[in-house]
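Protein chains in written order, with the working numbering: chain A, 1 to 233; chain B, 1 to 268.
No wet-lab data here; the hints were simulated from the structure. A quick note: this is a predicted structure, and the numbers were derived from the prediction, not measured. Heads up, the beta-carbon is just placed ideally off N, CA and C, and yes, glycines get one too. Watch out, some of these pointers could steer you wrong.
What the hints assert, rightly or not - Covered by chain A, according to a simulated footprint, are these stretches of chain B (three or more residues, beta-carbon under 8 Å):
#1 3-17
#2 221-235
#3 259-266
Unchecked claim - Here are the in silico distance ranges between beta carbons for each label pair:
#4 B:T189 x A:G94: 35 to 45 Å
#5 B:R11 x A:K98: 15 to 25 Å
#6 A:G94 x B:R121: 21 to 31 Å
#7 A:A178 x B:I253: 47 to 57 Å
#8 B:T256 x A:R172: 30 to 40 Å
#9 A:L92 x B:V47: 32 to 42 Å
#10 A:G49 x B:R121: 38 to 48 Å
#11 A:L173 x B:R121: 27 to 37 Å
#12 B:H107 x A:R172: 20 to 30 Å
#13 B:T256 x A:L173: 38 to 48 Å
#14 B:T256 x A:G216: 43 to 53 Å
#15 A:R172 x B:L9: 40 to 50 Å
#16 B:T189 x A:H217: 37 to 47 Å
#17 B:I257 x A:Q131: 42 to 52 Å
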Amino acid sequence: MGANGAGKTTTIRLLLNFIQPSSGTASIMGKDIVKDTVEVKKHVGYLSGEIALWPKVTGNEMFAYLSKLQSGVKKDYLAELISRFEAEPDKLIGELSKGNRQKIGIIQALMHQPDVLILDEPTSGLDPLMQEVFYATIREASARGAAVFVSSHNLAEAQRMCDRVGIIKHGRLIHEQAVKSDENLAGTTFRVVLAHPKDAEKLRANRALKFISHEGHTVVVQPKRPSPRLSPS
Amino acid sequence: MKDVVLWELKRRRTALLWWSIGSVVLAVFIMALFPSISDQAAQLNKVLNTLPPELRGLKTGGAKSVDVGDPVEFLNAQVFYATLPILWIILSVTRGAGILGREEQSHTLELLLARPISRVRLLAAKALAYTGEFAVVCGATLLAIVVCAPLFELHVGSDKLAITTLYTALFSMSFGYIAFALQAASRFTKRSATAVAVAIGFGGYIVASLSSLTDWLKWPVKFMPYHYFVPLDPLQGKSPRGLLVYLVAVFVIGTTIALLGFRHRDID
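With the hints as constraints, model all of the structure from the sequences given.
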């Protein structure tokens, strides 16, 4: 999770080796994302944030083509996904609405039942009913043992799909924690504006608080247990 | 790799059909003019050879005189030196810059690179698809030239016609390959890669055509591909060594640059 420009999409594009890292390493399923990128992609399903598909082909033609490039696509499962998302695979993609194009994009990411799903703001353009179908499908993938890596700026959505949430800011992971479905993450983070920046050290020393970030007069903290004396910022 | 090539050819089938029809019709139309031109060759040669050399050179590949009544010189000047290369350079540059550039511009390249296919294999598949598309158009034209030339009294051996068409096709294709390599190797947009290839192609055509008439162009013309393109040589059964060296250089250097660049560059 992160604000616009925080680096969510850049992180995903790095993991898929679309852009090259200037330093550091990362691995997916124990394989280096740069050296073993082909091996990594055998296990990955990817949905980009700004879905781009070939407009002059039908969904079915596209699925057939991509199935040849990626093994493991089962016709039955593909048909099930098409039916579940009520997609229109016989129409030219260029004639579909944004939501229906998004469904085609989701199906191509899921159709080979990958071990790792990398999804960049996946529910963008989907109506609420389809979002529910999508969450259910993701839960299924997760139950099957797939790792689901999702970027979002919708906290409620993250809580519905994720076991852990990481917060990214200016390209750095500033916080990571497990998510409990009954926990309201939004209510536990506080932005505190201090009269004196040096008071930040007092907050940092407070064992009841998890210190998240500090910039100038502003400190972001999280109570380790909900506190009635603090109100959400 | 085969799947990417077939996908590209299938998607482009309508455009390829029209390009093939256009190329065939143009070549046959020009050849069909030969019987009536050869009847008036003496007068036409007289008029043509009195034109300012700069104008004549643009149509004859810089030759100082021309005999339009001779089938070989007619084919050289009217079909192989300018008409077909200009048409084919437009096709080759458009496709060379677009076959990868258009996918990158529209972000569909990500759909392919998210699959377990290496960048090198994808690049090779795209280059093969580009070659295949070009081969369809040039192959149809070659067939039309070989079949129709005798019908229009252009009595030149089929082998010479075939080899000259092949050289013309490879020469035209080289400009598209320059655009392809530039686009693959760097973050040249489709438009910039096209502009560079067109400048090398058509700029070279003008410079090469005028070079035999202007002393100061004799040195820079050696860097222009058109300088090495003399279709008269294969039509007369001579080996076009300069052209072969140029073609090998473009395809080897282009491939090396494209591979080295595309393997490690960021995708837009």
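Enumerated hints in conflict with the structure, sorted upward: 2, 4, 9, 10
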